[in-house]
Amino acid sequence: MKQLILSVALAMAFFTSCKEKAQEAKTEEVAVATTETTQPEDGEWEVLFDGTNLDKWHAYNGEAPTQWEIVDDALVFTPAENRDGSENLVTNEAYTSFVLKMDWMISEGGNSGIMWAVEEDPKYHEPYATGPEIQILDDERHPDTKAGPSHRSGALYDMIGAPEGIVNPAGEWNSYEITIDYNTNQGIIVLNGEEVVTFPVKGEGWEDLVSNSKFASWEAFAKTDTGLIALQDHGHQVSFKNIKIKKL
Numbered sequence: 001m002k003q004l005i006l007s008v009a010l011a012m013a014f015f016t017s018c019k020e021k022a023q024e025a026k027t028e029e030v031a032v033a034t035t036e037t038t039q040p041e042d043g044e045w046e047v048l049f050d051g052t053n054l055d056k057w058h059a060y061n062g063e064a065p066t067q068w069e070i071v072d073d074a075l076v077f078t079p080a081e082n083r084d085g086s087e088n089l090v091t092n093e094a095y096t097s098f099v100l101k102m103d104w105m106i107s108e109g110g111n112s113g114i115m116w117a118v119e120e121d122p123k124y125h126e127p128y129a130t131g132p133e134i135q136i137l138d139d140e141r142h143p144d145t146k147a148g149p150s151h152r153s154g155a156l157y158d159m160i161g162a163p164e165g166i167v168n169p170a171g172e173w174n175s176y177e178i179t180i181d182y183n184t185n186q187g188i189i190v191l192n193g194e195e196v197v198t199f200p201v202k203g204e205g206w207e208d209l210v211s212n213s214k215f216a217s218w219e220a221f222a223k224t225d226t227g228l229i230a231l232q233d234h235g236h237q238v239s240f241k242n243i244k245i246k247k248l
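The numbers in full-length UniProt numbering rise by one with no breaks, and the one at position 160 of the sequence shown is 160.
Please keep in mind that the hints were generated in silico from the structure rather than gathered at the bench.
Model, not experiment: these values are computed from the prediction.
The beta carbon of each residue, even a glycine, is placed where N, CA and C say it ideally should be.
Just to be clear, a hint being listed does not mean it is correct.
[Unchecked claim] Taking lysine-lysine pairs in the DSS-like style, the calculated list, with each CA pair at most 25 Å apart, reads:
1) 202 / 101
2) 56 / 247
3) 123 / 223
4) 214 / 146
5) 223 / 247
6) 56 / 101
7) 202 / 247
8) 101 / 244
9) 146 / 202
10) 56 / 146
11) 214 / 123
12) 241 / 123
[What the hints assert, rightly or not] What follows is a list of derived Cβ distance ranges for each label pair:
13) 44 / 168: 28 to 36 Å
14) 202 / 80: 35 to 43 Å
15) 62 / 212: 32 to 40 Å
16) 66 / 223: 27 to 35 Å
17) 211 / 124: 17 to 25 Å
18) 192 / 69: 19 to 27 Å
19) 45 / 226: 28 to 36 Å
20) 225 / 148: 26 to 34 Å
21) 217 / 177: 29 to 37 Å
22) 184 / 44: 15 to 23 Å
23) 44 / 82: 38 to 46 Å
24) 223 / 248: 17 to 25 Å
25) 50 / 192: 19 to 27 Å
Put together the whole structure using the sequences plus the hints.
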């Protein structure tokens, strides 16, 4: 009888152990699945702004932004009255090679931009001190248009000009698809579905672009491949929506 009781006890212990291991394995699977859904792998789109929160952004050299708000699912920058300094918005995460998609709308007479490879440091007062810029502009009204094609919307600012007639006017939505790929040494700007600018992102070709621009003597400009993405405060109202990124 004692032997029978011992056998039953051993069997129950074995069953309980197997059940616990199965439960642990299931828990691990759920944890892995959760990690995979919250941390996109390369080649998957990551939503940076979906109209509900600014969880993936912060003020450059600051914390929570105060002049950026969500209005009707759009991220809207409106400069505060009597403000002291600018409030650019930057991603929490740094990126290297990527495809960035978004919609944007500039106010009448407005100016803004999108920058990549931005370094965040108190010694740099603005993202443009380190990060190259894709221009956003009211091409019809802002005086910067008179500086030439490299200051138009769609341009690689002050380096490669964009053609006329593709950007929608101030107060209307436009779309950008921006590719920055250090693997293939290629940058591509697509404005409203049309490819408007291509350029090298490293090497001699890129260095020539910089040396022939106003950034030639800027000590920290475009010195790194990896950095934050910035939405520029240029003192004018600008709106963004449907922002997403895919790492390459």
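How the hints compare with the structure:
no.	hint	in the structure
1	202 / 101	holds, 22 Å
2	56 / 247	holds, 16 Å
3	123 / 223	holds, 15 Å
4	214 / 146	holds, 16 Å
5	223 / 247	holds, 20 Å
6	56 / 101	holds, 15 Å
7	202 / 247	holds, 18 Å
8	101 / 244	holds, 5 Å
9	146 / 202	violated, 29 Å
10	56 / 146	violated, 36 Å
11	214 / 123	holds, 20 Å
12	241 / 123	violated, 30 Å
13	44 / 168: 28 to 36 Å	holds, 30 Å
14	202 / 80: 35 to 43 Å	holds, 38 Å
15	62 / 212: 32 to 40 Å	holds, 33 Å
16	66 / 223: 27 to 35 Å	holds, 30 Å
17	211 / 124: 17 to 25 Å	holds, 21 Å
18	192 / 69: 19 to 27 Å	holds, 26 Å
19	45 / 226: 28 to 36 Å	violated, 20 Å
20	225 / 148: 26 to 34 Å	holds, 28 Å
21	217 / 177: 29 to 37 Å	holds, 32 Å
22	184 / 44: 15 to 23 Å	holds, 19 Å
23	44 / 82: 38 to 46 Å	holds, 44 Å
24	223 / 248: 17 to 25 Å	holds, 21 Å
25	50 / 192: 19 to 27 Å	holds, 21 Å
Violated hints, in rising order: 9, 10, 12, 19; the structure is consistent with all others.
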